[in-house]
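Asks: As a plain string of letters, each chain reads:
2 protein chains.
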Amino acid sequence: MKMFFHYNWMVREEWYQWCEGISEEELLKKRTGGVGSILQTLFHIADVEWSWIRLLKGEDDFQESFDEYRSLSKVRELDAQFRTEVEEFVANWDTSMEHKRLHFTEKDGTVVTDQWGEVMRHIIAHEIHHIGQLSVWARELGKEPVSANLVGRGLADS
Amino acid sequence: MKMFFHYNWMVREEWYQWCEGISEEELLKKRTGGVGSILQTLFHIADVEWSWIRLLKGEDDFQESFDEYRSLSKVRELDAQFRTEVEEFVANWDTSMEHKRLHFTEKDGTVVTDQWGEVMRHIIAHEIHHIGQLSVWARELGKEPVSANLVGRGLADS
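Those protein sequence lines, which keep their order, are chains A and B. The first sequence begins at -13 in the numbering used here and counts up one residue at a time. The second sequence begins at -13 in the numbering used here and counts up one residue at a time.
If you are wondering where the hints come from, they were derived from the structure by calculation, not from laboratory data. You may find that some hints are simply not true.
As the list claims (entries may be wrong) - Okay, the calculated bits of chain A under chain B, using three or more residues with CB under 8 Å as the criterion:
(1) -13 to -2
(2) 102 to 108
(3) 112 to 119
(4) 125 to 139
Claimed, not checked - A short, non-exhaustive set of chain B residues, derived as facing chain A with CB atoms under 10 Å:
(5) F(-10)
(6) I8
(7) T18
(8) G20
(9) S23
(10) H85
(11) D94
(12) V98
(13) D100
(14) V105
(15) V122
(16) P131
(17) N135
Don't be surprised by glycine CBs; every beta carbon is placed ideally from N, CA and C.
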């Protein structure tokens, strides 16, 4: 579990660096698929990660809209602010937490139950999926995307 | 580890079903990013998964080209053929295998060492990343992509 979170944070940081070479107009441009723009995807990844961790902790999740974060520096700041709490939760994760139950009510009133282990994997897969979308948009911009390789990053030694 | 493989196989099967509603021409059409077409992406996912498992087992990997598999039914057949072996390996996975070493030589002669746990996670992330690319191409076709949600699939109970 932990290695996947470290992988995602490393890849996300590389995407932030990649974004430094792209104009703000291109970062905010509406694109086909996903949540619609490169920057909003990165915002969405950080938002969703932190919001689920907050749910697991039984605390309020993030409700603000992207409208307040329409620049690379604002998204990075928000992500850094969230990260401390997410990192702490991930660092303290152990397998005894796998089958704990999270109950919550969806917008339509349905009560949903997920196991904590599912939620953690959902967060991981959610980011990798959206990063795959960024890689297509990068090519559409004529740019090489960040590598998605998990091997070769020294993750097993960290 | 096992839950992620089950997630990927479930999502992959849903993409095969999704493909049934798309013409072969669209499935084979060259697209921007990734490995280039919807069908070649699914072929690539099955190929890469099986090839890494074969490397871990110390056996020959898959060397055939996509040219021989340019139809949905052929890709599904190949995937089913590979799956038996991959499923067996995944079913027998345990944490004692995490730090085993895989050594192999890359095309340029470099000798690379990866830990088995990294390789297994690489296979998982590899598929999710490419599925993210399919989701953009689906929207470009005006079609709703397969859901990438990991929660809500009953995976923790299986």
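Asks: State for each hint whether it applies.
Replies: A quick look at each hint next to the structure:
no., hint, in the structure
1, -13 to -2, "holds (count 3)"
2, 102 to 108, "holds (count 5)"
3, 112 to 119, "holds (count 7)"
4, 125 to 139, "holds (count 8)"
5, F(-10), "holds (6 Å)"
6, I8, "violated (16 Å)"
7, T18, "holds (5 Å)"
8, G20, "holds (7 Å)"
9, S23, "violated (13 Å)"
10, H85, "holds (7 Å)"
11, D94, "violated (14 Å)"
12, V98, "holds (7 Å)"
13, D100, "holds (5 Å)"
14, V105, "holds (6 Å)"
15, V122, "holds (4 Å)"
16, P131, "holds (8 Å)"
17, N135, "holds (7 Å)"
The structure shown violates the earlier hints numbered 6, 9 and 11.
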